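Undergrad: Position in the sequence shown counted from 1, then plus 25, gives you this note's numbering.
Honestly, the hints are just simulated from the structure, not real lab data. All figures in this text were calculated on a predicted structure; none of them were measured in a lab. Check each hint, because a few of them may be wrong.
[As the list claims (entries may be wrong)] Simulated DEER-style distance windows between Cβ atoms:
1. Gly79 x Ala145: 22 to 32 Å
2. Gly220 x Gly124: 15 to 25 Å
3. Asp173 x Glu60: 15 to 25 Å
4. Asp99 x Gly61: 30 to 40 Å
5. Thr82 x Ala214: 38 to 48 Å
6. Ile83 x Gly220: 24 to 34 Å
7. Ala221 x Thr97: 33 to 43 Å
8. Lys90 x Ala145: 39 to 49 Å
9. Phe218 x Thr55: 18 to 28 Å
10. Leu217 x Lys90: 47 to 57 Å
[Unchecked claim] As a list, the in silico DSS-like pairs of lysine-lysine whose alpha-carbon atoms are at most 25 Å apart:
11. Lys69 x Lys98
12. Lys90 x Lys69
13. Lys90 x Lys107
14. Lys107 x Lys69
Even glycine gets a Cβ: it sits at the ideal position worked out from N, Cα and C.
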Amino acid sequence: MALTRMRPRLTVVRWLLVVIALAITAHADTVVIDEGFEELNLGKHLELAYDPSGEATIDDVLAGKLQFTPSTKDVPNFGYRKGAEWARVEMRDSRAGSGPLRVENGYGQSDRLDVFDVQAGALVRHSSAGDHVPIARWDHVSRTPSYDLAPARSRLVHFRLEGAASHQFPLTLATAGRSERRLLADAIAQALFYGALLI
Numbered sequence: 026m027a028l029t030r031m032r033p034r035l036t037v038v039r040w041l042l043v044v045i046a047l048a049i050t051a052h053a054d055t056v057v058i059d060e061g062f063e064e065l066n067l068g069k070h071l072e073l074a075y076d077p078s079g080e081a082t083i084d085d086v087l088a089g090k091l092q093f094t095p096s097t098k099d100v101p102n103f104g105y106r107k108g109a110e111w112a113r114v115e116m117r118d119s120r121a122g123s124g125p126l127r128v129e130n131g132y133g134q135s136d137r138l139d140v141f142d143v144q145a146g147a148l149v150r151h152s153s154a155g156d157h158v159p160i161a162r163w164d165h166v167s168r169t170p171s172y173d174l175a176p177a178r179s180r181l182v183h184f185r186l187e188g189a190a191s192h193q194f195p196l197t198l199a200t201a202g203r204s205e206r207r208l209l210a211d212a213i214a215q216a217l218f219y220g221a222l223l224i
């Protein structure tokens, strides 16, 4: 009788262990950039981690000191909290003449967003932008920060967000051409708006 009662409990425990193991090993899909690529929302391709102390460095992250989990949202949003948010996305570029790419941050009020371009396990480029970063250090002067990624077949891009503003990752990957067209359209719209105000 006691053995019969234990069997359903053991089955439940086994299923829980399987679910936990899958959650630990789960990872987001790799972004594959092929011919004809123009733009992609990175939200559901990100893996996320939280550093409450805000002291973890890119070396700590590459050494596996933070645990990442796949994002389930188009725009991961954590509200206002202390510490730092980390995100990462794996990219593979299969284009024949792989031109430069840009990551655009759609939230203009970010205090600081650092982008680390990691290729073959080594950091090849670090960029910063945001309200607390002098605009002369931004990759591009625009309403919202954007970051250049040099051509590469494979990379793992890491993002670190900190500050007193809302912590969110409205990140878009686009070709440099697509990004330039958007910046131009934005500048024209602003010129028309302020021109109409002057008139």
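Undergrad: So, for every hint listed, does it hold in this structure?
TA: Structure-based check of each hint:
1. Separation of Gly79 from Ala145 is about 28 Å and conforms to the stated range, judged on CB atoms against 22 to 32 Å.
2. Range check, Gly220 to Gly124: Cβ separation about 34 Å, and the 15 to 25 Å hint is violated.
3. Roughly 21 Å separates the CB atoms of Asp173 and Glu60, a value that falls within the hinted 15 to 25 Å.
4. A beta carbon spacing of about 22 Å between Asp99 and Gly61 contradicts the range 30 to 40 Å that was offered as a hint.
5. Between Thr82 and Ala214 the beta carbon distance is about 39 Å. The supplied range of 38 to 48 Å therefore holds.
6. Taken as a hint, the range 24 to 34 Å is violated for the pair Ile83 and Gly220, whose Cβ atoms sit roughly 44 Å apart.
7. At roughly 42 Å, the beta-carbon separation of Ala221 and Thr97 lies within the given 33 to 43 Å, and the hint holds.
8. The hinted range of 39 to 49 Å is not satisfied by Lys90 and Ala145, whose Cβ atoms lie roughly 20 Å apart.
9. At roughly 40 Å, the beta-carbon separation of Phe218 and Thr55 lies outside the given 18 to 28 Å, and the hint is violated.
10. About 49 Å separates the C-beta atoms of Leu217 and Lys90, a value consistent with the hinted range of 47 to 57 Å.
11. Straight-line distance between C-alpha atoms of Lys69 and Lys98 comes to about 6 Å, which keeps the hinted pair within the 25 Å bound.
12. Proposed proximity of Lys90 and Lys69 is supported: the alpha carbons are some 22 Å apart, at most 25 Å.
13. Restraint check for Lys90 and Lys107: satisfied, since their Cα atoms lie roughly 19 Å apart, inside the 25 Å limit.
14. Distance restraint check for Lys107 and Lys69: the Cα-Cα separation of roughly 24 Å lies within the 25 Å cut-off, and the hinted pair is therefore satisfied.
Checked against the numbered hints given earlier, this structure breaks hints 2, 4, 6, 8 and 9; the rest are met.
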